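Chains as they are written, first to last, in my numbering: chain B, 1 to 143; chain C, 1001 to 1143; chain L, 2001 to 2143; chain G, 3001 to 3143.
Treat the hints as calculated values from the structure; they're not laboratory data.
Mixed in with the good hints, there may be bad ones.
What the hints assert, rightly or not - DSS-like mimics (lysine-lysine), calculated; alpha carbons at most 25 Å apart, straight line: (1) L/Lys2003 / L/Lys2109; (2) C/Lys1003 / C/Lys1109; (3) B/Lys3 / B/Lys112; (4) G/Lys3095 / B/Lys112; (5) L/Lys2109 / B/Lys112; (6) C/Lys1109 / G/Lys3112.
Predicted model, so just to flag it, every value in this text is computed and none were measured.
There are 4 protein chains.
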Amino acid sequence: MTKPQMSVAELERFLAMEFPQAFHPGSGLTIEKAWFGGCRVRQAYSEKFIRPGGTISGPTMMMLADFALYVAVLAAIGPVPLAVTTNFNINFLRKPTQRDIVAEARVLKLGKRLAVLEVNIFSEDITEPVAHVTATYSIPPMD
Amino acid sequence: MTKPQMSVAELERFLAMEFPQAFHPGSGLTIEKAWFGGCRVRQAYSEKFIRPGGTISGPTMMMLADFALYVAVLAAIGPVPLAVTTNFNINFLRKPTQRDIVAEARVLKLGKRLAVLEVNIFSEDITEPVAHVTATYSIPPMD
Amino acid sequence: MTKPQMSVAELERFLAMEFPQAFHPGSGLTIEKAWFGGCRVRQAYSEKFIRPGGTISGPTMMMLADFALYVAVLAAIGPVPLAVTTNFNINFLRKPTQRDIVAEARVLKLGKRLAVLEVNIFSEDITEPVAHVTATYSIPPMD
Amino acid sequence: MTKPQMSVAELERFLAMEFPQAFHPGSGLTIEKAWFGGCRVRQAYSEKFIRPGGTISGPTMMMLADFALYVAVLAAIGPVPLAVTTNFNINFLRKPTQRDIVAEARVLKLGKRLAVLEVNIFSEDITEPVAHVTATYSIPPMD
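Chain B with its partners taken away, still in its complex shape (with noise of 0.2 Å):
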């Protein structure tokens, strides 16, 4: 596990200041590990992600899937608020509980100007994943 180009605590304090929107002492995100290469983050359970059924919503999947992308792309390439996703593709595969879930984000190629990352969406409590996530972000050019 390489050292990451930012901390946990430094991705927070850029998170809460970039997108406050998104990461709030409110949100229930939290970055649980970030490593070059790689990041853990986890969404809080809320009934206000339940669908019928008792089941976590896909939005709430892909926007947590969204998230760990950001602070892995972040963790690999430093502070760069302008890096855009352009593509991002997900399977849904198993129906989580009505627990946490956790994301796991693992870059697969950082190139200069795009980076692609697999993410994997658990249940906190299934071990199988609930969704896979494969993404590209588009890498502003450096001056």
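Chains C, L and G: place on chain B using the hints.
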């Protein structure tokens, strides 16, 4: 434009009952139009959707696309609460502005077990789409 | 229909020179039309494409979509041999019949670094598309 | 590594009979390993796969991934000739070299109606994958 299985009023009633967490008076979501094979829905602008650079967040667009997909499936097959997304692929094309976003969904294929749909997302004041989605729904067996 | 950067004759000449392995007299591939922002290409039917149930194989459709994408990119930006696909997503919608297949590509977004395109694939005798593709191309920096 | 529903020898016999157009002595395709939940397959290098810059073409990688997916599905559910791909998403990560390419497929989810799989594609002499695929298979109802 063929008649949908459910009218806009029926869709609204069904969603308010089955998905109160997603579709409620404060959500800013409205169904503008529904026909057999598609729909147009809208997310009213809110500051909470904003990201650095003054753009609407990716998860906001994904959430609206997810809503459009579900409305289009309901309009095509009627009230089936347990139809679930299995795959969702989004390409982000342009930066949305600080305005409402509108999503137009279209059924590409309606099979017995699977439906494949396409969604174009627009910023209220830009002609070209800001994002494009394809997605697959699994339709539960009818008894 | 705006004038393309390269005419059909120029495209054919370029492809025969740069991609002789894919585009050669025996390949059965033809470019029917090209404009700024899109093209229509055709794969002549051959028994070697057939799979159980008398349908055209998935890889045959993917290969034709890949060809359509490249032709549409060339028609939009001119002869750039090193533009490369970074993401390719295909939904198979209906079974093609034992006939030619035709692909129509359309540029959804043409940026400086990335182009996003859509392809619809048709069996010669079916109105509805048999497959739908979205793909991203990385465009090398111009000097 | 759990025992597959079909051994490598059984898979080869089945494929040679059902897919002679794709799997035949001159195809250069071999099944190296199969287990319950995955497989490893190989495409022998051939000049006809080469594209400008000395790289293996995208459609060659897609074809190999498609083959790996089908072998992994057969190894998991047994000889079901009519299982069909419904979605296939590929990210191209690195340029393959002029060598054999190897694909490792892994089942992410095996349901009654759908299977979701992941494939990593490798150039024989590069450690990191050259491409990553996720795909969905529709499994016909068993009688």
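To see whether the hints hold, each was checked on the structure:
In summary, the hint linking L/Lys2003 to L/Lys2109 is supported, as the alpha carbons are separated by about 17 Å, within the 25 Å threshold. The hinted pair formed by C/Lys1003 and C/Lys1109 meets the criterion: a straight-line CA distance of about 17 Å does not exceed 25 Å. Between the alpha carbons of B/Lys3 and B/Lys112 the distance comes to roughly 19 Å, so the proposed pair stays at or under 25 Å and holds. For the proposed pair G/Lys3095 and B/Lys112, the alpha carbon gap of about 15 Å is at most 25 Å, so the pair holds.
For the given pair, L/Lys2109 sits about 21 Å from B/Lys112 by alpha-carbon distance, which is consistent with the 25 Å threshold. The hinted pair formed by C/Lys1109 and G/Lys3112 meets the criterion: a straight-line CA distance of about 21 Å does not exceed 25 Å.
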